[in-house]
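Protein chains in written order, with my numbering: chain A, 417 to 788; chain E, 417 to 788.
Since the hints were made in silico from the structure, they are not lab data.
Just so you know, even glycine gets a beta-carbon here, dropped at the ideal spot from N, CA and C.
Each hint should be verified, as a subset may be incorrect.
Chain E side only, calculated, beta carbon under 8 Å to chain A, not exhaustive [stated by the list, open to error]:
1) 419
2) 423
3) 469
4) 480
5) 500
6) 527
7) 528
8) 562
Chain E is nowhere near these chain A residues, computed Cβ spacing over 12 Å in every case [stated by the list, open to error]:
9) 431
10) 446
11) 743
Across the chosen pairs, the derived CB separations fall in these ranges [stated by the list, open to error]:
12) A:612 x E:420: 39 to 45 Å
13) E:420 x A:561: 36 to 42 Å
14) E:417 x A:601: 33 to 39 Å
15) E:748 x A:440: 16 to 22 Å
Each chain is listed here by its residues.
Protein chains: 2
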Amino acid sequence: MHIDNLSTPCAVVDLERLEKNATRMATRAKRLGVQLRPHVKTHKCVEAARIQTAEACGGITVSTLAEARAFAAGGFSDITYAVPIAPQKILMAIDLHTRIEAFNLVVDTLDAAAAVEAAAEARGVRIPVFLEIDCGGGRTGVDPDGEVRDVLVRRIAASEAIDFRGLLTHAGHAYRARNRTDAYDIACAERNLMATLAAELRDRGVPVPVVSVGATPTVLAIDDLTGITEVRPGNYLIFDAFQNGIGTCEVDEIAFSVLATVISVHPEQNRAVVDAGALALSVDPGPVHVDPECGFGRIVAVEDQHPLPGLRIARLTQEHGTLTGPGVAALRPGARLRIFPNHSCLSAACFESYHVLRGTEVVDEWHPARGW
Amino acid sequence: MHIDNLSTPCAVVDLERLEKNATRMATRAKRLGVQLRPHVKTHKCVEAARIQTAEACGGITVSTLAEARAFAAGGFSDITYAVPIAPQKILMAIDLHTRIEAFNLVVDTLDAAAAVEAAAEARGVRIPVFLEIDCGGGRTGVDPDGEVRDVLVRRIAASEAIDFRGLLTHAGHAYRARNRTDAYDIACAERNLMATLAAELRDRGVPVPVVSVGATPTVLAIDDLTGITEVRPGNYLIFDAFQNGIGTCEVDEIAFSVLATVISVHPEQNRAVVDAGALALSVDPGPVHVDPECGFGRIVAVEDQHPLPGLRIARLTQEHGTLTGPGVAALRPGARLRIFPNHSCLSAACFESYHVLRGTEVVDEWHPARGW
Chain A
417 MHIDNLSTPC AVVDLERLEK NATRMATRAK RLGVQLRPHV KTHKCVEAAR
467 IQTAEACGGI TVSTLAEARA FAAGGFSDIT YAVPIAPQKI LMAIDLHTRI
517 EAFNLVVDTL DAAAAVEAAA EARGVRIPVF LEIDCGGGRT GVDPDGEVRD
567 VLVRRIAASE AIDFRGLLTH AGHAYRARNR TDAYDIACAE RNLMATLAAE
617 LRDRGVPVPV VSVGATPTVL AIDDLTGITE VRPGNYLIFD AFQNGIGTCE
667 VDEIAFSVLA TVISVHPEQN RAVVDAGALA LSVDPGPVHV DPECGFGRIV
717 AVEDQHPLPG LRIARLTQEH GTLTGPGVAA LRPGARLRIF PNHSCLSAAC
767 FESYHVLRGT EVVDEWHPAR GW
Chain E
417 MHIDNLSTPC AVVDLERLEK NATRMATRAK RLGVQLRPHV KTHKCVEAAR
467 IQTAEACGGI TVSTLAEARA FAAGGFSDIT YAVPIAPQKI LMAIDLHTRI
517 EAFNLVVDTL DAAAAVEAAA EARGVRIPVF LEIDCGGGRT GVDPDGEVRD
567 VLVRRIAASE AIDFRGLLTH AGHAYRARNR TDAYDIACAE RNLMATLAAE
617 LRDRGVPVPV VSVGATPTVL AIDDLTGITE VRPGNYLIFD AFQNGIGTCE
667 VDEIAFSVLA TVISVHPEQN RAVVDAGALA LSVDPGPVHV DPECGFGRIV
717 AVEDQHPLPG LRIARLTQEH GTLTGPGVAA LRPGARLRIF PNHSCLSAAC
767 FESYHVLRGT EVVDEWHPAR GW
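Produce the complete structure using the sequences and hints provided.
Encoded structure:
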């Protein structure tokens, strides 16, 4: 099928770009001497993860138990659930762990560590666990300098029911970078912190098999990961307008787009409307810290994906994307556009499936593991 | 099943509140002397629409063809698709129209009107069509004072293949209201404009059977709809934190919430994290024009839904909701909270199903018609 025959709005993956992005990251991880454990939350598709892991280790990272179950069913046997586990989900996690090689959990509180330990003891299993460190993102993870860190390490490392896998962090603040230099600085600080912490623990006799970092902007900015053993970027496989805005990728590396149809044109009012609204693109505001006028995504031509700078997505409501700019005068109802969303992860999750294209031909359809 | 046994994050509907909201709006529409044609895009569930339409006409409004198909299959036979139709979707719309009593389309361009006419002629059917008027929302609809309006009315009214149903508008700018007085002013302006336009057309001999307005804030603010025949509010059935913020509803009328579990607590950093992030709540910024510190939803207690003012949802990422405020010190991992999202329509669309509760007991599960 040709792209022109797809009904809109729909999600479209550029397979050639995706494959290039996968190869580039795998090569980069090898050169940096770290294992690549891609975060599959961006696309939630087994097919995409197979492409990502072909040239690196088979390990992946997930953000939900629904992803974990789907990827386990799809043949992935070494999965890290990189969100602190809710006590109520521990039994489900243990069940999954007993069915695959390793389902690695993350904790950042004593309560969660104690709950994992108790459940593992009750089931007679040993559960692999990472301690999450807050390297500056200010979301989850223990304060690297705080007392909680030491208490937790002692508890986890001493437990018979817990297999302490090491330290894990996510530099979410790299998304506030303005450019590659900012991301580089954040990546260096993240590396230095994690490598130092791991060395300290080892000096105290605590084995730290894995030191895991990762976010697309930092991994792509840094040139030396000494002291780090693993990276977990996710967005890099398909990128988005945000990553382009902060200098992480070029426009022609973005491999995910939403195909849309123009449904209303009123040039005298400087506006047109497409059928891709908040439920197709998500209302992620994009890199407004770099470009306050960035709008809700980047509009490109359907066939060759060249940017159409005369059009801006000024506003999104549920099923309407309002375009402004000099380009609206050239539009007619029925015209089709391709939109690079601000945040591919959030936009992709809006769709039941993605149409996978080579050039303008649909060659496959992938179904993400949505929900929880 | 008790609410405590639900896995999180999940969507929860308070059936008692929903029924009260439905009754109140139906009573209100009767008193105002207008037909209630509820917009079902908010919940996308046949079960909810049955409750909405029990006391008014059976007509409903939809925002996608997927909703139209699902509601037609669910027994709804008079459906208005209140988004300007894309030329490529006209044949699908005609197919649907031939299977139910009426599938009413909306156009706001000559191109779309001509395309509907041509397709209807080719199929030998007469298609009911509304002309959309822009009453100030600045999204879709013709300029009420512009030349396009007259050209379109002439074209539609003269067509043998088009059954001109009347005028339709949506005061989307009512969402920028700061309070009920603002909404009232917008509602009066909308009513006056639409009633005047309809009268002008009738004076020229053009029958205008329906004059349709509607948005939850305006319909709930106005006390006189003389000249209007139909209202299409949607959000009123379940409301949300936004509607509460602009004074459209009370907190105890909000009937949709997301149940979440605390997964990380670090009081020394003034933060805790729940497992409801951007993919459960949507990143709708909420009524920031009224309260810049509103955060990404309102947190309430699980059982009696009383507000917990000491907690604010400061930030959302894909699967993390970061809470701040004095209330975090009292939280423990595993604690559960209920969150009124900023925008129920966008949050509800994140879920494969909603758990329907009477009090704290789950009595049903509804499946929205997602996608397009």
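Structure-based check of each hint:
Interface restraint check: residue 419 of chain E against chain A, minimum CB-CB distance 13 Å, threshold 8 Å, status violated. The beta carbon of residue 423 of chain E comes within 7 Å of a beta carbon in chain A, closer than 8 Å, and the hint placing it at the interface holds. The closest approach between the C-beta of residue 469 of chain E and any C-beta of chain A is roughly 21 Å, which is over the 8 Å cut-off, so the hint fails. A distance limit of 8 Å between C-beta atoms decides the matter here; for residue 480 of chain E the minimum to chain A is near 6 Å, and the interface restraint holds.
Evaluation of the residue 500 of chain E hint against chain A yields a held restraint, the C-beta minimum of about 4 Å falling below 8 Å. The interface hint given for residue 527 of chain E holds, since its Cβ lies 4 Å from the closest Cβ of chain A, which is under the 8 Å cut-off. For residue 528 of chain E, the interface hint holds, the least distance from its beta-carbon to any beta-carbon of chain A being 5 Å, beneath 8 Å. Contact between residue 562 of chain E and chain A, as hinted, is supported at the beta carbon level, the nearest pair being about 7 Å apart and thus within 8 Å.
In this structure residue 431 of chain A is separated from chain E by more than 12 Å, as the shortest Cβ-Cβ distance comes to about 22 Å. No Cβ of chain E approaches the Cβ of residue 446 of chain A within 12 Å, the least distance being about 28 Å, so the stated non-interface status holds. Chain E leaves residue 743 of chain A outside its interface by the beta-carbon criterion, the shortest separation being 17 Å against a cut-off of 12 Å. Taking the beta carbon of each, residue 612 of chain A and residue 420 of chain E are about 43 Å apart, inside 39 to 45 Å as hinted.
A hinted range of 36 to 42 Å for the beta carbons of residue 420 of chain E and residue 561 of chain A is consistent with their spacing of about 37 Å. For residue 417 of chain E paired with residue 601 of chain A, a C-beta distance near 50 Å fails the hint of 33 to 39 Å. At about 43 Å, the beta-carbon gap between residue 748 of chain E and residue 440 of chain A misses the expected band of 16 to 22 Å.
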